[in-house]
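These protein sequence lines map, in sequence, to chains A and B.
Just so you know, we're using the numbering used here here: the first sequence kicks off at 33 and counts up by one.
Just so you know, we're using the numbering used here here: the second sequence kicks off at 1388 and counts up by one.
Derived from the structure by calculation, the hints contain no laboratory data.
Treat each hint with caution, since some may be false.
[To be verified] With a straight-line cut-off of 20 Å between C-alpha atoms, the simulated SDA-like cross-links for lysine to any residue are:
hint	chain 1	residue 1	chain 2	residue 2
1	A	Lys87	B	Leu1480
2	B	Lys1429	A	Ser40
3	A	Lys85	B	Ser1485
4	A	Lys45	A	Ser97
5	A	Lys35	B	Tyr1484
6	B	Lys1432	A	Tyr136
7	B	Lys1429	A	Asp83
8	B	Lys1429	A	Tyr136
9	B	Lys1432	A	Arg76
10	A	Lys85	B	Met1435
11	B	Lys1429	A	Lys102
12	A	Lys85	B	Lys1429
13	A	Lys103	A	Met120
14	B	Lys1432	A	Lys85
15	B	Lys1432	A	Thr144
16	B	Lys1432	A	His61
17	A	Lys85	B	Ser1482
18	B	Lys1429	A	Lys103
19	B	Lys1432	A	Gln69
20	B	Lys1429	A	Thr37
21	A	Lys87	B	Ser1485
22	B	Lys1432	A	Thr115
23	A	Lys87	B	Pro1401
24	A	Lys89	B	Met1435
25	B	Lys1432	A	Thr37
26	A	Lys87	B	Tyr1484
27	B	Lys1429	A	Met120
28	B	Lys1429	A	Ser97
Predicted model, so just to flag it, every value in this text is computed and none were measured.
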Amino acid sequence: DVKVTQSSRYLVKRTGEKVFLECVQDMDHENMFWYRQDPGLGLRLIYFSYDVKMKEKGDIPEGYSVSREKKERFSLILESASTNQTSMYLCASSLVRVRSYEQYFGPGTRLTVT
Amino acid sequence: RKEVEQDPGPFNVPEGATVAFNCTYSNSASQSFFWYRQDCRKEPKLLMSVYSSGNEDGRFTAQLNRASQYISLLIRDSKLSDSATYLCVVNTLNSGYSTLTFGKGTMLLVSP
């Protein structure tokens, strides 16, 4: 079974703090994704990566950056957390490069910024 | 511009009922289509892919109408465990790469 793990299930940070969310997958998937999910807005893509050291902006990249130094690990960084970044953050991975097949999700990190 | 639209529900049905969800998508170039299921406070999980010819997996049937840009999911003989949010998902080209665009989901509540 594919396993995608995220470093924390719940996180509380203060406004202005730098926040790191870590995601690790154990199935040698090339593709990794970061989403946020908010009530009434659904899942929105923040950043994605199709290879080590490669990153592409998704639909809502503002206020976020990412790092992919190793194939199995994809980090989401909030340089200066703000209250409007309070959300559920979901990491996902998938295998196929050209067509997006099944994405496997981690359990999510519920981030609260106070 | 809403790329993937779904009725948010909730759909309240009794056990054993048949229920259908619909979804429309705006990008005529989309090639891959899926239904994901998301339980409360859990991550989304793939329920089934949707093929042009339609496909069935047990009590679940998915249909695709490319001309109308419309996808459907039919659940027969609903179980209490079917209660969840069902996400319609299509692929989208993003910076030349294919990514998935998720609908906001349709909530299903199956009651005894």
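Going through the hints against the structure:
Pair hint A:Lys87 plus B:Leu1480 holds up; C-alpha atoms about 15 Å apart against a cutoff of 20 Å. Restraint check for B:Lys1429 and A:Ser40: satisfied, since their Cα atoms lie roughly 14 Å apart, inside the 20 Å limit. Between A:Lys85 and B:Ser1485 the alpha-carbon distance is near 18 Å, which keeps this suggested pair within the 20 Å criterion. Between A:Lys45 and A:Ser97 the alpha-carbon distance is near 17 Å, which keeps this suggested pair within the 20 Å criterion.
For a cut-off of 20 Å, the pair hint linking A:Lys35 to B:Tyr1484 is broken: about 24 Å separates their Cα positions. Straight-line distance between C-alpha atoms of B:Lys1432 and A:Tyr136 comes to about 7 Å, which keeps the hinted pair within the 20 Å bound. Of the pairs offered as hints, the one joining B:Lys1429 and A:Asp83 is violated, with about 27 Å between alpha carbons and a cut-off of 20 Å exceeded. Using a Cα cut-off of 20 Å, the hinted pair B:Lys1429 and A:Tyr136 holds, with the two alpha carbons roughly 12 Å apart.
Between the alpha carbons of B:Lys1432 and A:Arg76 the distance comes to roughly 16 Å, so the proposed pair stays at or under 20 Å and holds. For a cut-off of 20 Å, the pair hint linking A:Lys85 to B:Met1435 is broken: about 32 Å separates their Cα positions. For the suggested pair B:Lys1429 and A:Lys102, the alpha carbons sit about 27 Å apart, so the restraint of at most 20 Å is broken. For the hint pairing A:Lys85 with B:Lys1429, the CA-to-CA distance comes to about 29 Å; that exceeds 20 Å, so the pair is violated.
With a C-alpha separation of about 24 Å, the suggested pairing of A:Lys103 with A:Met120 is violated against the 20 Å cut-off. Straight-line distance between C-alpha atoms of B:Lys1432 and A:Lys85 comes to about 27 Å, which puts the hinted pair past the 20 Å bound. With a CA separation close to 24 Å, the supplied pair B:Lys1432 and A:Thr144 exceeds the 20 Å bound. With a C-alpha separation of about 17 Å, the suggested pair B:Lys1432 and A:His61 falls inside the 20 Å cut-off, and the hint holds.
For the suggested pair A:Lys85 and B:Ser1482, the alpha carbons sit about 16 Å apart, so the restraint of at most 20 Å is met. Restraint check for B:Lys1429 and A:Lys103: the C-alpha separation of about 25 Å exceeds 20 Å, so the hint is violated. Under the criterion of a C-alpha separation no larger than 20 Å, the hint pairing B:Lys1432 with A:Gln69 is consistent with the structure, at around 14 Å. For the hint pairing B:Lys1429 with A:Thr37, the CA-to-CA distance comes to about 13 Å; that is within 20 Å, so the pair holds.
Only pairs whose Cα atoms come within 20 Å are accepted, and A:Lys87 paired with B:Ser1485 is accepted, the gap being roughly 14 Å. For the proposed pair B:Lys1432 and A:Thr115, the alpha carbon gap of about 28 Å is over 20 Å, so the pair is violated. For a cut-off of 20 Å, the pair hint linking A:Lys87 to B:Pro1401 is broken: about 46 Å separates their Cα positions. Pair hint A:Lys89 plus B:Met1435 does not hold up; C-alpha atoms about 27 Å apart against a cutoff of 20 Å.
Among the hinted pairs, B:Lys1432 with A:Thr37 is consistent with the structure: their alpha-carbon atoms are about 14 Å apart, no more than 20 Å. The hinted pair formed by A:Lys87 and B:Tyr1484 meets the criterion: a straight-line CA distance of about 11 Å does not exceed 20 Å. As the CA atoms of B:Lys1429 and A:Met120 are separated by approximately 10 Å, the hinted pair is consistent with the 20 Å bound. A C-alpha spacing of about 25 Å is found between B:Lys1429 and A:Ser97, which places the hinted pair above 20 Å, so the restraint is violated.
The structure shown violates the earlier hints numbered 5, 7, 10, 11, 12, 13, 14, 15, 18, 22, 23, 24, 28.
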